[in-house]
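So the sequence lines, in the order shown, correspond to chains Z and G. At position 3 of the first sequence the residue is numbered 3 (our numbering), and the sequence of numbers has no breaks. At position 130 of the second sequence the residue is numbered 130 (our numbering), and the sequence of numbers has no breaks.
Rather than coming from a laboratory, the hints here were simulated on the basis of the structure. Heads up, none of these hints are tricks.
For the chain G half of the interface with chain Z, some residues (derived, Cβ under 10 angstroms), not all of them:
1) S11
2) I24
3) P34
4) H38
Yeah, the Cβ is synthetic: ideal placement off N, Cα and C, and Gly gets one too.
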Amino acid sequence: VTNQDQARVLDALGDASRRAVLELVRTRERPVVEIARRLPISRPAVSQHLRILKEAGLVRDRRVGNRRLYGVDARGLAVLRSYLERYWDTALAAFARTADQEKGGRS
Amino acid sequence: MSEHVEPIRRSVTVRCAPDRAFEIFTERIDDWWPVETHSRAASEFDAEGVKVERIEFQRRVGGQILEHLSNGSTLPWAEVVAWDPPRRFVLAWRPHPRPQAPTEVEVTFTPADGGTLVSLEHRGWERLTEDVRELYQSYAGGWVSTLGRFAAAANEEA
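The shape of chain Z in the complex, shown without the other chains (with noise of 0.2 angstroms):
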């Protein structure tokens, strides 16, 4: 997972539209139509919100006859996995720094 990869999550996620969309699609697989009948949003806008979905592994979609349906991705899952480990170590690092200064004049 590359910072690439979790700006890209970042910016998916930061859009109410594209949540909804995400949210649409947990439940069941759904093609670009219905989505765009359940939203007040446009059919190519629905598009472009799929696309960006994908391109950040929150989405994934398949062709079923003639027919295209979006669910979503678990490699997204991996994604905010880092997230939360970096977060920790963050933290960690802070708490790290405090305590051995505390121990005084040692490097």
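Keeping the supplied structure of chain Z fixed, place chain G upon it in accordance with the hints.
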């Protein structure tokens, strides 16, 4: 139906003894916790200029970790569910305003080479359901600006 989700495990070794490390981690959390990136104020009130005054760690089972804000309010992060100084403590961790079940954070302090190995395990992701969306809503959703600024800071350092 619920899948096991591997806990997040991180650790650090410090030069002081376990009792001192435990005290700094808990009683003195306000001395070191990086509130500028790791706080609810940073993620929820960023635009409103609300600042973190201090972090309070109530050292007992049933105690809370609280973020005290400049506007006089407090925001909870966690509740202490196990308290065993200076060896370990366990927190029910929910540093966001959403009602989902908390995850669990356990921190242990083990003597190591004249210092202390501090190990942190963040687990219980199954409680949020195995669904990726829930995880995002609880964490990436609630902490998105915190994480974003953290990623930016980390990138600057790299």
